[in-house]
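Colleague: Read off the chains here:
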Amino acid sequence: MAHVSIPMYWRTIPQRYSLVGYKCKKCGSVNFPPKGVCKYCSASSEFEEVKLSGRGKVHTFVLISAGGAPPEFAEQEKAGGQYPVAIVQLEEGPKVIGQIADINPKDVKIDMPVTTELRKIYTEEGVIRYGFKFVPAGK
Amino acid sequence: MAIGISGYGVYIPKLRIKKEDYAKAWGSFSAAGVSEKSVMGFDEDVLTAAAKVSRRALESVPIGPEKVTRFALASTTPPYVEKVLSGTVMVSVGIPNQTLSSDHTSSTRAGTEAMLSAFEHVQANPKGVALVAVADAPIASMWDSFEHALGAGAAAYVLSSENIVAELEGHASYASEYFGERFKPRDESLIHDLNVKKFSESSVITNTTKAGNALLKKLGRKPEEYQHVVIQQPDARVPTTVGSRMQFTEHQLAAGMTSKVLGDLGAASTPVSLAAALDDAKPGDRIMVISYGSGSGSDALSFKVVGDRKAAPRFQAEADQKEYIDYIKYLKLKGAIL
Chain A
1 MAHVSIPMYW
11 RTIPQRYSLV
21 GYKCKKCGSV
31 NFPPKGVCKY
41 CSASSEFEEV
51 KLSGRGKVHT
61 FVLISAGGAP
71 PEFAEQEKAG
81 GQYPVAIVQL
91 EEGPKVIGQI
101 ADINPKDVKI
111 DMPVTTELRK
121 IYTEEGVIRY
131 GFKFVPAGK
Chain B
1 MAIGISGYGV
11 YIPKLRIKKE
21 DYAKAWGSFS
31 AAGVSEKSVM
41 GFDEDVLTAA
51 AKVSRRALES
61 VPIGPEKVTR
71 FALASTTPPY
81 VEKVLSGTVM
91 VSVGIPNQTL
101 SSDHTSSTRA
111 GTEAMLSAFE
121 HVQANPKGVA
131 LVAVADAPIA
141 SMWDSFEHAL
151 GAGAAAYVLS
161 SENIVAELEG
171 HASYASEYFG
181 ERFKPRDESL
191 IHDLNVKKFS
201 ESSVITNTTK
211 AGNALLKKLG
221 RKPEEYQHVV
231 IQQPDARVPT
241 TVGSRMQFTE
251 HQLAAGMTSK
261 VLGDLGAAST
271 PVSLAAALDD
281 AKPGDRIMVI
291 SYGSGSGSDA
301 LSFKVVGDRK
311 AAPRFQAEAD
321 QKEYIDYIKY
331 LKLKGAIL
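First to last, the protein sequences are chains A and B.
Residue numbers for the first sequence follow my numbering, so the first one is 1 and each next one is one higher.
Residue numbers for the second sequence follow my numbering, so the first one is 1 and each next one is one higher.
The hints are all genuine.
If you anchor each label on the Cβ, the simulated ranges turn out as follows:
hint, chain 1, residue 1, chain 2, residue 2, range
1, A, His3, B, Gly284, 56 to 62 Å
2, B, Gln247, A, Val50, 54 to 60 Å
3, B, Lys83, A, Ser53, 25 to 31 Å
4, A, Ile87, B, Arg221, 54 to 60 Å
5, A, Lys35, B, Arg237, 56 to 62 Å
6, B, Glu120, A, Pro33, 36 to 42 Å
7, A, Gly80, B, Leu100, 36 to 42 Å
8, B, Glu120, A, Val50, 35 to 41 Å
9, A, Ser5, B, Glu177, 45 to 51 Å
10, B, Glu120, A, Ala74, 42 to 48 Å
Keep in mind that the hints were calculated from the coordinates and are not lab data.
By construction, the Cβ of each residue, glycine as well, lies at the ideal position given by its N, Cα and C atoms.
Using the sequences plus the hints, can you model the full thing?
Modeller: Printed below as a string of structure tokens:
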């Protein structure tokens, strides 16, 4: 299992639970997840926290099948079968990776609108790791 | 000062299993009056459902999460027995960390218990805004016949003194000592029930009618003055049994009979059913809510509908959106295959 320690996971809670983005004070681009230096202008390390809408469109995606799932997601694959993982372009700009839930994997399409919801991602050391997943918009 | 419900939301997980699938697996289906029931997905639990339904309730007002001054969470099936549960939902929804929160978890009465604690906050703080989230998906052994009824659902309420859609007219409670019905010993993760049916029934009837009749007396009301009556639904028969003792008719119970298609929603039974009744109600209507928790206790709440702002999506839309699973998939999702 790709071990993520408790403190490491905890530090990412603003991103995982409530999609907090970091708007560069120089170029205005939104960094997600946070960066030391803005990944768009490489000229500023000052950011303003912004709450992202969670809405976006599927930029590209892949379907994960048996054997392809990382160990922490193997049980999910066994219970529910193949699941989609997408790169989604959010309304505010950043491209974000995450699972798409509540959809038949065959129905995932590039450019389909999605939104985010809190879900259980996996459990490690008896601690449920919550975070966002994408779901089809308009639900 | 009038206080009441300023907004509400409902969430029903879309997976369903039919009673026929149970009958195929076990030879019979034991949940009276239930034709199918809702099931949570693999990546959902009562906290993710509470977060989702909390957002819906806030948006229905609409009001921002930063305005919430009191948060109450209720479920009989929290993912942890010890841990502050409300924190997960607060952080996800954006409710201020300074907001007083409480977790109500020890019986199916927990939903109304959370609502009444939140109402006390609004009563004491006229400018206060309370959010109550109730989500449940009770779990029992697959060998236990009362497992058949257990479903999943969530409802949330914004309570305040502004933008009221249903005014709280009054409430009454009753608690007493019973045992053997629906309990979870300290070292067990599944609900037990000793299946002493007549004894359990007398507990249900005693507690609910004592609370309900006390409220009618307090308000000087007759049963027929209510357009809608919502009663705890461990199955679809109990509300009828209790209702007939209190002179409530099938017609008054109809809008809130969520168990017929969703099963036993545990602590969320009366909150989800109240949402269904509110969706159906017209300004001027009165709604009586009577919850029940084994062990035992009951809360009765009386509302007068004063607005016609409804949940979005409505209860019926949530109930209609569904995807059927078979019994094997159900066992996998419930973690019953070890």
